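Following the hints, put chain B in place on chain A, whose structure we already have.
2 protein chains.
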Amino acid sequence: MTKEQKRYFLGEGEIPTRWYNIQADMVNKAAPMKSPNTGEDITVDELARLISREAACQELNTTDRWIDIPLPVLEMYRYYRSTPLVRAYALEEALGTPAHIYFKNESVSPVGSHKLNSALPQAYYCKQEGATNITTETGAGQWGCALSYASKVFGLECAVYQVKISYEQKPYRRSVMQAFGAQVTPSPSMSTRAGKDILTKYPNHQGSLGTAISEAVELALTTPGCKYSLGSVMSHVSLHQTVIGLEAERQMQMAGEYPDVVIGCFGGGSNFSGIAFPFMRHNILDGKSTRFVAAEPESCPKLTRGKFCYDYGDEAGYTPLMPMFTLGHKFKPANIHAGGLRYHGAGVVVSQLLKDGLMEAVDVSQLSSFEAGLLFAKAEGIVPAPESCHAIAAAIREAERCKLSGSPEVILFCLSGHGLMDMSAYDQYLSGSLTNYTITNESIEQNVSQL
Amino acid sequence: MTKEQKRYFLGEGEIPTRWYNIQADMVNKAAPMKSPNTGEDITVDELARLISREAACQELNTTDRWIDIPLPVLEMYRYYRSTPLVRAYALEEALGTPAHIYFKNESVSPVGSHKLNSALPQAYYCKQEGATNITTETGAGQWGCALSYASKVFGLECAVYQVKISYEQKPYRRSVMQAFGAQVTPSPSMSTRAGKDILTKYPNHQGSLGTAISEAVELALTTPGCKYSLGSVMSHVSLHQTVIGLEAERQMQMAGEYPDVVIGCFGGGSNFSGIAFPFMRHNILDGKSTRFVAAEPESCPKLTRGKFCYDYGDEAGYTPLMPMFTLGHKFKPANIHAGGLRYHGAGVVVSQLLKDGLMEAVDVSQLSSFEAGLLFAKAEGIVPAPESCHAIAAAIREAERCKLSGSPEVILFCLSGHGLMDMSAYDQYLSGSLTNYTITNESIEQNVSQL
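Residue numbers (our numbering), protein chains in the order written: chain A, 1 to 451; chain B, 1 to 451.
Chain A with its partners taken away, still in its complex shape (with noise of 0.2 Å):
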């Protein structure tokens, strides 16, 4: 039996030439970010002593709907992309689901995610402005390996703060950063006063992206020529991204097929945003009904459990204050493997999105999430990162429910990124030796009742 079409591609010349910028389609514009210094909107100016100016001004864009791609960036761009997008007739089949399950495959990038697409947008950036280091924080490494590399293709120096657990848990992408040629230190260290501050009073602090974010904040505002870099949750990190949705738009076009639901999982945002925002302007301006599902891990579920409030974007509060869906600026997360999850708070264009109801939210415990991602790896032959497993749970669970109801949905998932750095996790969970975490009411309204 000959199967129809697997893989999809698009030419160098059908590569997306600019970002699709959803802000300035909402109907419902996100509230204004707020200085953490006045209190007053935060300016283009103020962001620009953090960021890069011209990614502060994407970040403040509410109206352009397109932004062109810098053709540096787009001819790096055609270095790896388009990435293909893949019908899951293997997954299918051992799921025995008349659904049609495809995903975008990030994870054959150079550095194994979908992160490159930002960094390499944002390391121009700053080189262009005459920036000549930069600094970031990174959880499971994925992003600190993509600045990495991103900073040693426009020619700057690069320190990574690393989430100390992913540090331990996942040495070889530390291994893979100190390749590209960046700095790696594990976070909180003792080489901030965020850091410090946070090491004296938990002096075993096993780490969280919103420590770390604060470290690199301080790095970048008390070292001249340095910028700060982040990987997720803001809207010029979602902006970038959408060159993810805007080649599977195209590739879905040439399967034949439209998608009903769109999945992505969830830590700040950044691949949900990609996959999905491209689609969801056709929700938003022609009258489509996709759906979309963000997979958020149970042990930190600002989506499906969080409050909407304004809060920092960082452990030790340097950050603009976000209106956003938040499990509070101090939470600490369960050490799960998907490191790249393990934010507290969700930015300010998804949580009004999700707010308005054009998204939906899920949650997957650890174990199932594990489970889904062997499921995958033993049909489709990838090990998928166990960011990327929360996707692959909930894209499931739609499988399920269409076999249930005998209808041949469309689905489409990100698979974010390969998982090969992180197969001790799996070794565990093998083993038996993985745990859910569940977390109480009580907790997460102790951490938001002080916002």
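A hint or two may mislead.
Stated by the list, open to error - Derived SDA-like pairs: lysine to any residue, alpha-carbon spacing no greater than 20 Å straight-line:
(1) K330/B to P301/B
(2) K127/B to A90/A
(3) K6/A to G11/B
(4) K6/A to E14/B
(5) K355/B to P301/B
Stated by the list, open to error - To spell it out: a stretch of chain B is covered by chain A in this simulated footprint if at least three of its residues, at any positions, have a beta carbon under 8 Å from a beta carbon of chain A; those stretches are:
(6) 110 to 117
(7) 178 to 185
(8) 419 to 425
Honestly, the hints are just simulated from the structure, not real lab data.
The structure presented is a predicted model; accordingly, all values stated were derived computationally and were not measured.
Glycine residues also receive a C-beta, built at the ideal position from the N, C-alpha and C atoms.
Structure of chain B alone, referenced to chain A:
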């Protein structure tokens, strides 16, 4: 400055549907393999006790230039092929060479290397012929991962003997095999007579491909329904890998170039043969004069310093006797990180081609292989497997020669796999704790004089 196209893909309809069998075109055919039992020329029947009958037929086929790829294998190829042909502009710039450097990126296969190209047909043939189990050896684990996944695809149980030093150096590859459902045993083990014999003699034996082959062969010969499968060395494996070079040939046409030099790293010859043989046929048939360079490790120099004679493919002497360049089947290779290149022999076809001057061989030290690999990683963003670093080192030598001569030659090499599971080796290189291993003429002579 806009670069020309960087990556070349084939459409699904352009993926080769036949493998190229160089044995049909060789003016001097290789001498016959000999039975380890009778000393007579090996027959298909005898080989088919060990491997699938179809693979045995291919092994001894010296007449058919083209062999059809079975449809179910072709369907699986279409899941991950074509792999990209990439113009390495950034590497060229880093070297300041006028050479045009291309690489065929086999690292984007789901299991991370070219090995899947032969694992799929081998598993398929075994299943078709009624086998229930399959067993093999693996060095670095690339082949073991590939066969584990291929076994899952076609519904076979898979048992892998992994060379002990690699089992310990690269635990993540073991985990990937286990994630695909394979049983993995460090070799030498106490589960076979061959393993027991060697452990009795050398209790701290670190393993070698030759020993692991003995264990897998013994398991296959003593287990009903179990077939053996080899990831390199044999002619049918090289045959399957020609899909690499056949694709590259079409992709080079798309780029409007033809290679002056084709390079592959060399352990048992599978990726080298795969990239080289389809181009070599134009040397044989059409008067082209491309050079073919096999890059082997300085510490395991069978091509550059071995003896051409009949030798076993494994340590215990279970396999047929093969006329080939060898360091002796009792050779104990140094513990270099390029585990896939730690093999004493070269296979019959490549050995004949080298003897006849149709190809060349160079050796690369461990330290210079990692130096080359890091230069490549920083330029192209892909961390290469330690094995592939040898091909890169050889390509860089050629590119530097072109720089001296001012000659814009076209260099093509095979990036056989990524090194994301070999980061501990890069760590050791970066920390200065790696060394070179040289080998004396006396120790080579001592091993081969016993043949």
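Hint check:
Among the hinted pairs, K330/B with P301/B is consistent with the structure: their alpha-carbon atoms are about 14 Å apart, no more than 20 Å. Of the pairs offered as hints, the one joining K127/B and A90/A holds, with about 18 Å between alpha carbons and a cut-off of 20 Å not exceeded. At roughly 11 Å between alpha-carbon atoms, K6/A and G11/B fall within 20 Å of each other, so this suggested pair holds. Taking the CA atoms of K6/A and E14/B, the gap is about 14 Å. The hint holds against a cut of 20 Å.
Proximity of K355/B to P301/B is assessed by CA-CA distance (about 15 Å); at most 20 Å being required, the pair is judged to hold. Figure legend: the stretch 110 to 117 of chain B, annotated as covered by chain A; annotation consistent (4 residues with Cβ-Cβ distances under 8 Å, at least 3 required). Counting residues of the stretch 178 to 185 of chain B whose CB lies closer than 8 Å to any CB of chain A gives 4, which reaches the minimum of 3, so the coverage claim holds. Beta-carbon proximity to chain A at under 8 Å applies to 4 residues in the stretch 419 to 425 of chain B; the threshold of 3 is reached and the given coverage holds.
Consistency note: the structure conflicts with none of the earlier hints.
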